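Colleague: Protein sequences appear in the order of chains A and V. Here the working numbering is used: the first residue of the first sequence is 18, the next is one more, and so on. Here the working numbering is used: the first residue of the second sequence is 18, the next is one more, and so on.
Do not rely on the hints blindly, as some may be mistaken.
[What the hints assert, rightly or not] The calculated lysine to aspartate or glutamate pairs, modelled on EDC-like cross-linking and capped at a C-alpha distance of 16 Å, are:
| id | chain 1 | residue 1 | chain 2 | residue 2 |
| --- | --- | --- | --- | --- |
| 1 | A | K172 | V | D237 |
| 2 | A | K171 | V | D66 |
| 3 | A | K268 | A | E127 |
| 4 | V | K171 | A | D66 |
| 5 | V | K53 | A | D66 |
| 6 | V | K172 | A | D66 |
| 7 | V | K248 | V | D237 |
| 8 | V | K156 | A | E182 |
| 9 | A | K53 | V | D66 |
| 10 | V | K316 | V | E246 |
| 11 | A | K322 | A | E243 |
| 12 | V | K39 | V | E182 |
| 13 | A | K39 | A | E127 |
[Claimed, not checked] Over 12 Å on every C-beta distance to chain V, these chain A residues come out as not near it, computed from the model:
| id | residue |
| --- | --- |
| 14 | M75 |
| 15 | A111 |
| 16 | E205 |
| 17 | L230 |
| 18 | Q269 |
| 19 | I281 |
| 20 | S289 |
| 21 | T299 |
| 22 | D319 |
| 23 | N326 |
| 24 | R347 |
[Stated by the list, open to error] Rough simulated footprint, nothing fancy, chain A against chain V, three-plus residues with beta-carbon under 8 Å:
| id | segment |
| --- | --- |
| 25 | 38–50 |
| 26 | 159–171 |
| 27 | 211–220 |
No lab work stands behind these hints, which were simulated from the structure alone. These figures come from a predicted structure and were not determined experimentally. Just so you know, even glycine gets a beta-carbon here, dropped at the ideal spot from N, CA and C.
Protein chains: 2
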Amino acid sequence: MIEDQKPSKTPLEALGEFALIKQLTKAAQASLPSTKLGIGDDAAVLSHDGETVVSTDMLVEGVHFDLGYMPLKHLGYKAVVVNLSDIYAMNAQATQVLLSIAVSNRFILEALEELYAGVHLACKTYGVDLVGGDTTSSKQGLQLSVTAIGKVPKKGAVLRSGANENDLLVVSGDLGAAYMGLQVLARENEVFKVNPNHKPDLAPYTYLVERQLKPEARKDIVSLLEVLEVKPTSMIDISDGLSSEVLHLCKQSELGCRVYEEKIPLDPQFISVCEEFKVDSTTIALSGGEDYELLFTIKQEDFDKIKGNPNLSVIGHMTAKGDDANLVTRGNEVIPLKAQGWKAF
Amino acid sequence: MIEDQKPSKTPLEALGEFALIKQLTKAAQASLPSTKLGIGDDAAVLSHDGETVVSTDMLVEGVHFDLGYMPLKHLGYKAVVVNLSDIYAMNAQATQVLLSIAVSNRFILEALEELYAGVHLACKTYGVDLVGGDTTSSKQGLQLSVTAIGKVPKKGAVLRSGANENDLLVVSGDLGAAYMGLQVLARENEVFKVNPNHKPDLAPYTYLVERQLKPEARKDIVSLLEVLEVKPTSMIDISDGLSSEVLHLCKQSELGCRVYEEKIPLDPQFISVCEEFKVDSTTIALSGGEDYELLFTIKQEDFDKIKGNPNLSVIGHMTAKGDDANLVTRGNEVIPLKAQGWKAF
Chain A
18 MIEDQKPSKT
28 PLEALGEFAL
38 IKQLTKAAQA
48 SLPSTKLGIG
58 DDAAVLSHDG
68 ETVVSTDMLV
78 EGVHFDLGYM
88 PLKHLGYKAV
98 VVNLSDIYAM
108 NAQATQVLLS
118 IAVSNRFILE
128 ALEELYAGVH
138 LACKTYGVDL
148 VGGDTTSSKQ
158 GLQLSVTAIG
168 KVPKKGAVLR
178 SGANENDLLV
188 VSGDLGAAYM
198 GLQVLARENE
208 VFKVNPNHKP
218 DLAPYTYLVE
228 RQLKPEARKD
238 IVSLLEVLEV
248 KPTSMIDISD
258 GLSSEVLHLC
268 KQSELGCRVY
278 EEKIPLDPQF
288 ISVCEEFKVD
298 STTIALSGGE
308 DYELLFTIKQ
318 EDFDKIKGNP
328 NLSVIGHMTA
338 KGDDANLVTR
348 GNEVIPLKAQ
358 GWKAF
Chain V
18 MIEDQKPSKT
28 PLEALGEFAL
38 IKQLTKAAQA
48 SLPSTKLGIG
58 DDAAVLSHDG
68 ETVVSTDMLV
78 EGVHFDLGYM
88 PLKHLGYKAV
98 VVNLSDIYAM
108 NAQATQVLLS
118 IAVSNRFILE
128 ALEELYAGVH
138 LACKTYGVDL
148 VGGDTTSSKQ
158 GLQLSVTAIG
168 KVPKKGAVLR
178 SGANENDLLV
188 VSGDLGAAYM
198 GLQVLARENE
208 VFKVNPNHKP
218 DLAPYTYLVE
228 RQLKPEARKD
238 IVSLLEVLEV
248 KPTSMIDISD
258 GLSSEVLHLC
268 KQSELGCRVY
278 EEKIPLDPQF
288 ISVCEEFKVD
298 STTIALSGGE
308 DYELLFTIKQ
318 EDFDKIKGNP
328 NLSVIGHMTA
338 KGDDANLVTR
348 GNEVIPLKAQ
358 GWKAF
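Only chain A is shown next, with the shape it has when bound in the complex (with noise of 0.2 Å):
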């Protein structure tokens, strides 16, 4: 019998730097009219009609993701999709994403190429440019950093601050469900360690741990709006759960509001396995981080566009200036908000 032929293994200092760059980035095909240049010279040139948006985000192991539980190509793939999140955030069209990584040795050109196997998927998922970039040693572990830009039509960007009184406040598909998969995944490497014969039956929980591996940007909901006629008077991610979030529109709208625990979205799957880890659903669906969803505020008369979509869920409204920002329990409790996510530190 002819064996397979193993897998090759090649040493990063095999390649130049140079050469590194262009294996990894070969399949970077700039396709969009506004990449007037991608990679290859000292910077990128772009070409934007309106305005342009930018935003950037460090990806460090060890702090935002665990090689134990993220295969690398998930990784290459989430890297791009957060920071694609903050552009929608602003009702922008993401066009182009440059990303730097700094690795160390114990990482082979395979590994490499995992990972921007997921990079230049989610680039041509969201139809946007990878343009530019860095590549170097690390002394420890892997770091990312993306930049990711879009574009708007001149004023066209929604702002946290644009908020007003009266505004009710929408969240898109719903919440909660990464940070229970990323439990779900912690579980089954503690069991893991244990025994490591032990084959994870991990379908249960499919949408959990696919929300916290492979999670999606809402680029449907900022065409969504488009076609509704709907512009938002306010709007933000929900990277660090949806309390944090609330309190960054009224912070910066200077507004109160009030959101209802009744109205806040969860998945059927979502609920039972907060059962199943006996944690409460509403606490986990306003702290866990990373579901990637949009928040946003839309006048009033604008209601009846959105009612019924199934995508979006109306959770409260702004109230006035010097209000706090409040849940109304099932209860009918009142209860401040309090921001209990992400914490870099």
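Since the structure of chain A is provided, determine the placement of chain V on it from the hints.
Modeller: Okay, now just chain V, sitting in the frame of chain A:
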């Protein structure tokens, strides 16, 4: 006697992520008309007539810098400057930067304030706005990621690929000094390790050390060329050493070239320190990195416009497609140029 109050030491955990970002970026006031929205939303909003250029770089402790020699304020300054250099290398005006940092808990707030003081100083010096970024923790050390943005008139960007046969090869400033500055600092550090009471006398090395610790980007050259009405046919900045950058221009313009050893601009201090260290000054000028000068080509008919300018040296010319990139030595030997610049791995 009343004792001086000790400088305060604030652990990063004492602040939340948002308070930390606010503290570090409070000095960032967007001042350019093209900055429609700076720090504080999901993304910054920019408005450039013409085209936008964008570049990004990552700097990793222990790989790109050593905090043993590099004061944090200088590091912040340098991180911005080396990215602006990429923008000027497109013959563009730099307009905005974004800065992300990942830091371990060994850093205190006051250390990061020093770092940002350098960032703000660079922004002020070069007239660019700090419009965004990310602040997160790392498992080990300090990592910085800077994205720089600039603007050029439509089709005004100067690429690496635009050189033509017989174009003159021009370099700004002088070369090799930053590399020798690092050698001086490394030597002092070794002495200090053996004898902590040793007081270094850096006076004979002021220029070299400053080139290493506080490099400047050649914004002035972009302006000068505009005043002189010279549009370079190709351009690159010298971050990895002259050889490496000349080879980039040759490869991307599909030409050969001749560089004349005797024409390479060297500072007298650099020459004498090369003698002291017993290294060949030409080798260092060709291969030592981090000078952040500009290398570009101009049409022969533009020679009279730049002739005699103390900031510019013609070091050679481009030759036909298929030719090699060669160095013509003082002894009139012709030898191929080799890239020995910065190796990240």
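Colleague: Hints first: check each against the structure and report whether it holds.
Modeller: These are the hints, each one checked on the structure:
1. A/K172 - V/D237: violated (33 Å)
2. A/K171 - V/D66: With a Cα-Cα distance of about 12 Å, the restraint between A/K171 and V/D66 holds, given a limit of 16 Å.
3. A/K268 - A/E127: violated (46 Å)
4. V/K171 - A/D66: With a Cα-Cα distance of about 12 Å, the restraint between V/K171 and A/D66 holds, given a limit of 16 Å.
5. V/K53 - A/D66: Measuring from Cα to Cα gives roughly 15 Å; hence the hint holds.
6. V/K172 - A/D66: holds (15 Å)
7. V/K248 - V/D237: holds (14 Å)
8. V/K156 - A/E182: Violated, because 43 Å separates the two Cα atoms, which is more than 16 Å.
9. A/K53 - V/D66: holds (15 Å)
10. V/K316 - V/E246: holds (12 Å)
11. A/K322 - A/E243: Roughly 11 Å separates the two Cα atoms, so the pair holds.
12. V/K39 - V/E182: The given pair, whose Cα atoms are some 52 Å apart, is violated under the 16 Å limit.
13. A/K39 - A/E127: holds (14 Å)
14. M75: With a cut-off of 12 Å, A/M75 comes too close to chain V, as the shortest Cβ separation is near 4 Å.
15. A111: Label violated. Min Cβ-Cβ 10 Å, cutoff 12 Å.
16. E205: Given a closest Cβ separation of 23 Å, the condition holds.
17. L230: holds (20 Å)
18. Q269: violated (7 Å)
19. I281: holds (21 Å)
20. S289: holds (32 Å)
21. T299: holds (23 Å)
22. D319: At about 21 Å from chain V, A/D319 clears the 12 Å cut-off, so the statement holds.
23. N326: holds (23 Å)
24. R347: For A/R347, whose nearest Cβ neighbour in chain V is about 30 Å away, the distance exceeds 12 Å, so it holds.
25. 38–50: Since 0 is below three, the answer is violated.
26. 159–171: holds (count 8)
27. 211–220: violated (count 0)
Checked against the numbered hints given earlier, the structure breaks hints 1, 3, 8, 12, 14, 15, 18, 25 and 27 and satisfies all the rest.
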